[in-house]
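J.: These protein sequence lines are chains L and E, in that order. For what it's worth, numbering that gives the first Met the number 0 labels the leading residue of the first sequence as 0, then goes sequentially. For what it's worth, numbering that gives the first Met the number 0 labels the leading residue of the second sequence as 0, then goes sequentially.
What the hints contain is simulated information worked out from the structure, not anything from laboratory work. Among these hints, one or two may not hold up.
In the BS3-like style, the derived pairs of lysine-lysine whose C-alpha atoms are separated by at most 27 Å in a straight line are [stated by the list, open to error]:
(1) L/173 - L/191
(2) E/249 - L/230
(3) L/123 - E/216
(4) L/143 - L/173
(5) L/191 - L/53
(6) L/173 - E/249
(7) L/53 - L/173
(8) L/173 - L/90
(9) L/90 - L/191
(10) L/270 - E/249
(11) L/123 - L/230
(12) L/143 - L/53
(13) L/143 - E/216
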Amino acid sequence: MEKKRHISLSVWPLYIWTVLFVALPLVYVVVISFLQRGDTWGVTDQVTIDNYVKMVDPMYGSIFLETLAMAVLTTALTFLFGYPFAYYVCKLPARLRGVMILLLMAPFWINSLCRLNGWMILLKSNGVINSLLLNLGIIDEPLKLLYNFGAVVVGMVYALAPFMILSCYNSIEKMDWSVVEAARDLGASAWKAFVTVTLPLTMPGVVAGCVLVFVPSMGLFFISDLMGGAKTVLIGNLIRTELTAARNWPFGAALSMVMLLATVGIIWVYKRVSGSKSLGDLM
Amino acid sequence: MSQLYIWVVLAVMYLPMLVVVAYSFNSSRYSNWEGFSLQWYEELFNNSAIVDTLNNSLMLAFFSCALAILLGTMGAVGMAKSRFRTQGLLENVSLIPMMLPEIILGMAYLALFSLCRVPFSMITLIIAHTTFCIPYVFVSVQSRLVGLDPAYVEAARDLGASQTRAFYDITLPLIAPAVLNGALLAFAMSMDDVVISFFVAGTNSQTLPVQVYSMLKSGVTPEINALCTLMLVAVFLAIGLFGLGRALFKRASRG
């Protein structure tokens with residue numbers, strides 16, 4: 000039965016809020032990315048594509064590449080560590096499963112910076128790991144563990160892994176195990192059954208996890224800032240600098256557009272793979 | 000073997016926090032252990048910047064969540080009853096803040112509020128946080144509504160309940176757990192947000208995460224370790240109380 004077109008009264012507050020505070024600001028970012036920067040502050044009304052032309056510079060190219068490499072590496076690592084975790088938790092009795100997921104999620108109620116601080120204490124040149132190795136006589140001088148690309152990846156993986164695990168877990172838990180048993184009965188090895196049955200069946204969860212890790216990893220400038228020192232500049236740090244120190248909003252907006260395109264791209268892949276129509280299914 | 004892997008991953012997850020807890024009791028300001036002390040807790044409570052920004056963050060999370068519950072729940076319930084041309088578009092656009100790297104929304108607000116000459120304050124923070132809190136409530140309530148049997152509401156209506164009455168007596172109690180779930184998630188997200196707050200907070204309305212960020216950037220700050228330890232205790236207390244409450248509730252409803 001086709002219902003008549005009507006809009007419930009209670010939708011309006013959400014509708015107005017979304018137009019005012021989601022659509023309008025984003026459209027404004029698109030607009031200023033094509034404007035010229037003002038002399039001291041803000042923008043002028045001169046239309047230009049200079050902000051995009053400027054990005055062709057190899058200096059920015061290498062920042063984009065480093066950001067991409069970091070995001071891909073973070074996503075791959077969270078999958079490699081997270082999927083087996085989710086898989087093994089699903090094999091536990093139901094009672095224990097809830098406890099494990101609770102233990103995994105509990106730290107995420109604590110400020111992420113406080114947790115990052117723990118890694119900084121561990122990795123510092125006079126930190127826990129170095130002191131331990133020095134005292135054991137394994138190394139003669141402190142290793143440089145903090146303030147490099149690797150440290151940023153550690154911070155990102157640590158901050159984002161739960162999203163991947165939860166996503167995979169939801170998918171694996173819903174899976175019909177009898178299909179895997181059937182494959183095994185028909186002579187497939189455990190590994191073969193996993194690769195040809197379990198993994199494809201849980202792919203929607205994996206891809207959702209990839210989106211939930213990849214997208215934020217591009218913008219979390221505070222992790223690269225604290226763990227990477229001045230050397231590791233990612234696109235998020237660049238945008239922040241353009242907005243605050245350099246006060247070049249149009250260029251910052253153009254950089255955001257690049258990030259936006261990357262986001263739209265990965266969500267498109269997600270929709271293709273999962274066949275989902277709504278973004279809400281990601282949660 | 001598989002159990003071992005689970006424990007190893009959990010150990011790695013908790014390792015940095017255990018280090019923080021241990022160092023919060025270290026009497027030395029630096030990494031070497033010099034003995035037990037509570038001085039960082041004392042400094043934490045005397046640090047007015049931390050106490051003030053904690054208040055700001057709690058207030059911000061509270062108001063943003065309340066607004067998000069209102070807008071998100073009303074929106075999801077209304078959407079389920081409506082059919083209109085821009086419905087799919089509205090749904091996807093309203094969920095964008097959950098999907099976009101936060102920095103883009105942060106810069107959008109910075110630019111727009113500056114253009115409109117809105118001073119950065121608690122108000123701009125609440126607007127920004129409400130916007131990214133709404134999707135969590137909306138999605139949670141929406142997925143609960145999908146699984147809901149429409150016969151309950153129809154029965155209530157057939158028995159003479161008004162639409163409003165049916166909502167308060169039937170729909171609301173049924174979706175309440177989903178509202179709570181979404182709101183808890185939204186609260187956690189609001190309390191933890193650095194990126195958006197960084198751009199829209201005014202000088203007198205700094206949030207705790209932004210304060211911690213600038214403290215960590217500027218150097219050695221053992222008070223942060225004490226703060227983190229207290230948060231850890233609070234979270235596990237809350238989880239314990241929640242578990243206890245649920246167990247008691249179950250026993251009561253069984254007996």
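J.: Work down the list of hints and note, for each, if the structure agrees.
T.: Hint-by-hint comparison with the structure:
For a cut-off of 27 Å, the pair hint linking residue 173 of chain L to residue 191 of chain L stands: about 20 Å separates their Cα positions. For the hint linking residue 249 of chain E to residue 230 of chain L, the alpha-carbon distance of about 55 Å lies beyond 27 Å, and the restraint is violated. Under the criterion of a C-alpha separation no larger than 27 Å, the hint pairing residue 123 of chain L with residue 216 of chain E is consistent with the structure, at around 14 Å. Annotation: proposed proximity of residue 143 of chain L to residue 173 of chain L is violated, straight-line Cα distance about 44 Å (limit 27 Å).
The hinted pair formed by residue 191 of chain L and residue 53 of chain L fails the criterion: a straight-line CA distance of about 50 Å is larger than 27 Å. Note on residue 173 of chain L and residue 249 of chain E: the hinted pairing holds, with a Cα-Cα distance of about 26 Å set against a maximum of 27 Å. This hinted pair does not check out: residue 53 of chain L and residue 173 of chain L have alpha carbons roughly 48 Å apart, beyond 27 Å. For a cut-off of 27 Å, the pair hint linking residue 173 of chain L to residue 90 of chain L stands: about 12 Å separates their Cα positions.
The suggested pairing of residue 90 of chain L with residue 191 of chain L holds, with an alpha-carbon distance near 18 Å, which does not exceed 27 Å. With a C-alpha separation of about 40 Å, the suggested pair residue 270 of chain L and residue 249 of chain E falls outside the 27 Å cut-off, and the hint is violated. In summary, the hint linking residue 123 of chain L to residue 230 of chain L is supported, as the alpha carbons are separated by about 16 Å, within the 27 Å threshold. About 35 Å separates the Cα atoms of residue 143 of chain L and residue 53 of chain L, which puts this hinted pair outside 27 Å; it is violated.
A threshold of 27 Å between alpha carbons decides the hint, and for residue 143 of chain L with residue 216 of chain E the separation of about 18 Å falls inside it, so the pair holds.
Comparing the model with each numbered hint stated earlier shows that hints 2, 4, 5, 7, 10 and 12 do not hold.
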